Every structure is written in C-alpha cells, then in structure tokens.
Amino acid sequence: MGVDDQSITGVARWVPVKRPSLAELYRTHSPGALRLAYLLTGERDLAQDLVQDAFVRLFGRYRDLRDSNHFEAYLRKTIVNLSKDHRRKGTHERSYLSRYAPPERVDVPPTRDDELRVALMQLPERQRAAIALRYLEDLSEQQTAEVMDTSVAAVKSLTQRGAAALRQQLGGEAR
Amino acid sequence: MNTIDDNLQQRLKRLADEVTPDARVEQVVLARAHVKRRLTAMMSGLVIVAMLIGGIAGASMLWQPKGTTPLPPADSDCDNPRHDVAIYVDDAATGAEIEGLRAELEADEEVEAAVFFSKKAAFEEFKQHYADQPEFWENLPEDALPMSFRVTLVDGANAKQAARRFKTLPQVEDVRADSAMRERWTNPGNGSTPTTECISEKGSQVRGLVRSFMKRRISGAGAERFLDAKGRLNFGPGGNLAPLYPDPPLEDFQIVFVDPVGEGSFEVGVSLVFQGGTYEETLSVQRRAGRMFISGGRPGMKGP
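Read top to bottom, the protein sequences are chains A and B.
Under this note's numbering, the first sequence has 109 at position 109, and the numbering climbs by one with no breaks.
Under this note's numbering, the second sequence has 187 at position 187, and the numbering climbs by one with no breaks.
No wet-lab data here; the hints were simulated from the structure.
Predicted, not measured: the structure shown is a model, and the values here were computed from it.
One thing to keep in mind: the hints can contain errors.
Claimed, not checked - 35 angstroms max Cα-Cα, derived DSBU-like pairs, lysine-lysine: (1) K167(B) <-> K156(A); (2) K84(A) <-> K160(B); (3) K84(A) <-> K167(B); (4) K156(A) <-> K160(B); (5) K120(B) <-> K156(A); (6) K156(A) <-> K119(B); (7) K156(A) <-> K127(B).
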C-alpha cells in the first residue's frame, strides 16, 4: 500500500486522554447505580444483580462508547433498560455473588420504610422509573426523557401520576 | 424543581440509602467484564476476520520503503463476502424457532443473505481464527459460543437500524452491527462515485493503509525490530510494537473509526492504549489519482 512521502505532513502529536480504569469506574458509580436499581426493583439481591450486569455490559464495550466521559449516563440508561427487561421476561439470573463467593451471606436488615417500598412497587414500571430518575437521581425532565427514550411531556405525566399514586398509597404522609 | 415533592423525595432517598454495594462484588464484576470483553472481541473477530487478514496481508505485500505505489484496481476485491450484522440466537431456541427466525430474516427486504452458524461452527471458526493463540479456546467447551445468523445487507442499508430491527425478533439474544463502520462506508454522502463506494467498503484497505503509515512512521527508529517473521508489524497486545513504547507499556493499538468526509477522503481514528492512559489521534486519508495519501492528523479524537 503506497504512502506518498510528501503527503506525510509531520509526525502527529499524541494527546494523552486519561481514562479511568474499570475498577475506578466501578467504585465511583456503583453506589448510585445500586440505589437507582433498588428503587426500580424493590429487591436488594435483584438490584445487585442488575448493577453487576449493567457494569459488565458497559465494561464489555467501554472502548466503543462514543463518549466515555458520559459513563454515568450510559450506566443509568442501562440499569433502567435491564430493569425493564427483567420485568418483561419475568426471570432473572441469580446473583453471581452467590455463585462466586458462596456460602457467606450477610443478614440484611429489614427495610425501614417498607410502606414506601411497597407503594413504589405497586406503581406501573414507567411511573416508577420516572419517579426514581427525577426524585432520586435529580435528573431534569429532559434528562429523564432521554434515559427513558420518551418525550418530556410523557415524563411530566408519568412523574405527576406516580407521585399522586404514592401520596394516595401513603395516606398523605409523604406530603 | 417545583414539581418535586420534597418530603417524598427525602423518603425515597432514605429508602435508596438502605442498600449499599458489597465490596466483594467488584472483583466479580471485573472478572465477568474481562471474560465478556474477551468473548466480544472474539465474536467481533469472527465477523471481521476476513477484513483484517485482507488488510494486513495487503499492507504487507504492497508497502514499499521508498516512493509510492498505486492502489490495485478499486474493484479488485469488492466482491469479497462480507457480513454486516451478527444476530446471536438464544441457546434455548428450538430447530423450528431457528427456521422461523431464518424465514423472518430472509423476508426482510434489506437482507441480502442470512447464514446460520451453529455453536459447533462458531467454535470451529473461532479456533481457526485464533489458531496461534490456543490459550483462548483450549479450555472452552465446544458449545461456549452462541448460535448466530451472519447477515449481509443490501447495498445502502443502514446496519445499525437493521440491527435494532433484528433485536426485536423472537429468540434473538443479541445483535451486533459490524463495528458500525460498514454503514458509514456505504453512505459516503452525496457525490460519491461507485469507485469511491467500492473502495470505501474496503475497511480492510484503509486499515492496511493506516498500519502501513504507522510502520513508516517508526521506520527511522529501526522498523525491522518491530516486524514479525513475515515482515508484518504487530500492533496487538504484547505485540512487537511494544518495545517502542516501554514506559508505560503499550497494551493495544486500535483503529477506532473510519469516517468518509467527502469523495475519496476519510478520517481514521487510531488509539494507542497504555497502562493508565490512552493516546488518540485522527489521521486524514485521501484518495487521489488512484493512490491513497495519508497524513498525520490533528491531535485528539473525533467521535463517530
């Protein structure tokens, strides 16, 4: 394959682009990811599974991400989609933790606000996702719409209806 | 945040705070990611192996130390078989379901051909591709790789859109468009000539050209030190380019994207991955009067 000497305009400069390691990404983003997954699923073990799967999925294509600086946004969207897939299929893989690091199990304290957790789980999936993204993640309506692949108007509606249903379920305590 | 109920928000945040990451999970995630990246790379390799082999062989044969060499006729290998999309089939799919999927694919107006690869065929192909790296497959069970359909799209079809469509079909586990490059190549924009399109379909040619360029770039530093027994430059992990970059050690060299920017002009993103950092650059490639010209581009990476 020929390369014309005159066409080589000079040795290019290499510009360092520091990318965090996968371990750093995990430590930085896993707590927030787990909180979101917990509100979406209402189950600790399932939330752990979803977060694991989300990281594995994203790490597998980390170098292909269009903008690795937006890892958190990719992660958030992946978790929402995995939660949706889980609910749609009605099945999920059991925790890899129990497979790789058996039999030690940590006793999980009961949920302090089980009433809210139950009420949240009774919401339709999309309302719950809108509530979690707006209330927990503090996303704007526009950002929430992007994560959910829907319109801003739909996000407004889902959030309002979800919040109203929660208030009703909680008997006004949340107000 | 006028639509947010503050009390409800505080309760939701407190509820979410009840769950905390298990430190042991980190190693599990990293191990799984490592395995997945290996498998993904392997599967991608299966799809693009013909392009890569063609590119490397082409660069090795055609590169000359001085002067210029015209490209071979543009249509010399335009008829090579290619696969634009790989559709991975659920392990649990029955024979009838696979046939149903095949029928659906063949009925798709953008599908030119759909070839089924069984688990065994995928494994054999994988072994062949990594014949010189048996550690990749020696300990793998023969059914480790998923069944798939390798789909060739009609000219002009958008591989990403097609992939999204295929993903909704029953029994489809995952879909990969061929490195998203093909669709950009086949949509070079207005004014492209058939010749340009034909060349632009040859990602392997440009890859070979870039490798040739990189080879020339280091020629002053004693390029022969970095050539393998066949005179080829090995950019891979642990490859013989590594001595040029001892500190920090070079881990990988990748061609990240190839974008047509006009008739006969392309931009090629290359990436050198070191421990702890990545150096990236965009090169410019132009085809003029039957020859390819490549220049050290501007620093920084232009995303696809």
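To see whether the hints hold, each was checked on the structure:
Our distance criterion of 35 angstroms between C-alpha atoms is met by K167(B) and K156(A), whose separation comes to about 29 angstroms. About 22 angstroms separates the Cα atoms of K84(A) and K160(B), which keeps this hinted pair within 35 angstroms; it holds. Proposed proximity of K84(A) and K167(B) is supported: the alpha carbons are some 15 angstroms apart, at most 35 angstroms. This hinted pair checks out: K156(A) and K160(B) have alpha carbons roughly 30 angstroms apart, not beyond 35 angstroms.
Between K120(B) and K156(A) the CA atoms are separated by roughly 50 angstroms; this puts the pair beyond 35 angstroms, and the hint is violated. Using a Cα cut-off of 35 angstroms, the hinted pair K156(A) and K119(B) is violated, with the two alpha carbons roughly 47 angstroms apart. Restraint check for K156(A) and K127(B): not satisfied, since their Cα atoms lie roughly 53 angstroms apart, outside the 35 angstroms limit.
The earlier numbered hints that this structure contradicts are 5, 6 and 7.
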